[in-house]
Amino acid sequence: MIFAPEENADALDRLIVHDAAENAPNVPGDILVLDDRSGALTAWACARIEGRSRVFVRSVLRSHAASARAIAARSGKSDDRVLIAGDNLAAPDLGTFLAEHSFSGSLALGRLPKSLAALEENARFLARHAHTMDREMTLVLGGATKHMTRSMNDALRAGFGEVRGLRGKGKFRSLYASVPGEGVAPPLARRSAWSSGELVAYGGVFSGAKADRGGEALARVATTWIATATERGIASPRVLDLGCGNGMLSLAVSEAAARTGAALSLTATDVDLDAVRSTHATLAPYSWQPGIDVRVTWDDAAAQEASESFDLVMLNPPFHDGTRVDATLVEPLLEAAHRVLEPGGELLLVHNSHLRYRALLERRFSATREVSRDRTFTVLSATKAISKRER
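When we follow the numbering used here, the leftmost residue of the sequence shown carries the number 4, and every step to the right adds one.
Just so you know, the hints here were simulated from the structure itself, not pulled from any lab data. Be a bit skeptical, because a hint or two may be false.
Stated by the list, open to error - Pairs of lysine-lysine residues, derived as DSSO-like cross-links and limited to a Cα-Cα distance of at most 30 Å, are as follows: (1) 172 <-> 149; (2) 117 <-> 174; (3) 117 <-> 149; (4) 213 <-> 117; (5) 174 <-> 213; (6) 80 <-> 149.
What the hints assert, rightly or not - What follows is a list of derived Cβ distance ranges for each label pair: (7) 356 <-> 172: 41 to 47 Å; (8) 192 <-> 156: 20 to 26 Å; (9) 196 <-> 231: 22 to 28 Å; (10) 170 <-> 332: 31 to 37 Å; (11) 174 <-> 306: 41 to 47 Å; (12) 233 <-> 192: 34 to 40 Å; (13) 369 <-> 172: 30 to 36 Å.
Every residue, glycine too, gets a C-beta built ideally from N, C-alpha and C.
Based on the provided sequences and hints, a complete structural model is requested.
This is the structure:
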């Protein structure tokens, strides 16, 4: 059964599909879909491919990848016809994803990423792969006109010789890129030194390769927790970095454990695939440290983690939806933290001091206290209740 994009598409999806069909009307071979939020672009690509051609999907957010996977299943395409980046974390970046599965198409479409670094990275990967396969490449990416800048054209020109804006419709428009450049340099990780080690960033990961100030406030508290864990009777702490970003919190506790020779079981998880890539690289120096077990996962609110399996959860939550402040974004993460903590386990959370998060913790946890506070950031500690049977 063929699914029309209108089944799941919003106005931007419909514009992207229109622009892709108009500017690449008879492009054979595989199709690449980038950052498909609803699955509508994947549905369109599944309906368009013929013969043994395939649909490649790379969505940064785990939830968006799940939507694309569901649409692919409904379309009747087999798993070898619709490939989802990130299912195998050994190949999480776009270039490796295309190369390992021999992408042989000339069309890529999707939504513009919010980050210029992510856009330039994609442009470089696509141009280099096109030259490797000796193919042309047409790229159509759409977004809200009010959020588009000339810098986006410059980011695309890092990989393509022809870049232009297409005619918009309503609040949206697409950017068109073609003619992959010759000798395009590969995307490079951004790196910066921090007190606990080197931070590494790929794509559009939050804060890039820099330590954000809220994270630093939380790291100070978390490293003290690690240093005093044995005093609480925890010889080998099980720690979850929930929303790991560039890995700065995981780096801080790994360095603290390595410095003292303490054992540590650390899981870093994020819904953002670029964050997973970044944390992998940031924590690489600790992958061989004796007594330190590190695992990095692409997950949505720790859904893959077992209940009551951690002693400590660290959380530096998002509070922006686009440009709008939305304190409710933390709610699923608090639910996840409460679920995965052992009874008596502790959540450490940092938030902007002008926001009111304490009541959200007090509704779920038995004891909540303020650990540190300044004009900008507050760190809270919340303890999960111990049942009467366990006391």
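Verification of the supplied hints:
1. 172 <-> 149: 12 Å, holds
2. 117 <-> 174: The hint holds at about 16 Å.
3. 117 <-> 149: The given pair, whose Cα atoms are some 12 Å apart, holds under the 30 Å limit.
4. 213 <-> 117: Roughly 18 Å between the alpha carbons, so the hint for residue 213 and residue 117 holds.
5. 174 <-> 213: Violated. Residue 174 to residue 213 sits at ~33 Å, over the 30 Å cutoff.
6. 80 <-> 149: 37 Å, violated
7. 356 <-> 172: 41 to 47 Å: Given about 43 Å between the Cβ atoms, the range holds.
8. 192 <-> 156: 20 to 26 Å: About 24 Å separates the Cβ atoms of residue 192 and residue 156, which means 20 to 26 Å holds.
9. 196 <-> 231: 22 to 28 Å: 27 Å, holds
10. 170 <-> 332: 31 to 37 Å: 35 Å, holds
11. 174 <-> 306: 41 to 47 Å: 33 Å, violated
12. 233 <-> 192: 34 to 40 Å: 35 Å, holds
13. 369 <-> 172: 30 to 36 Å: 53 Å, violated
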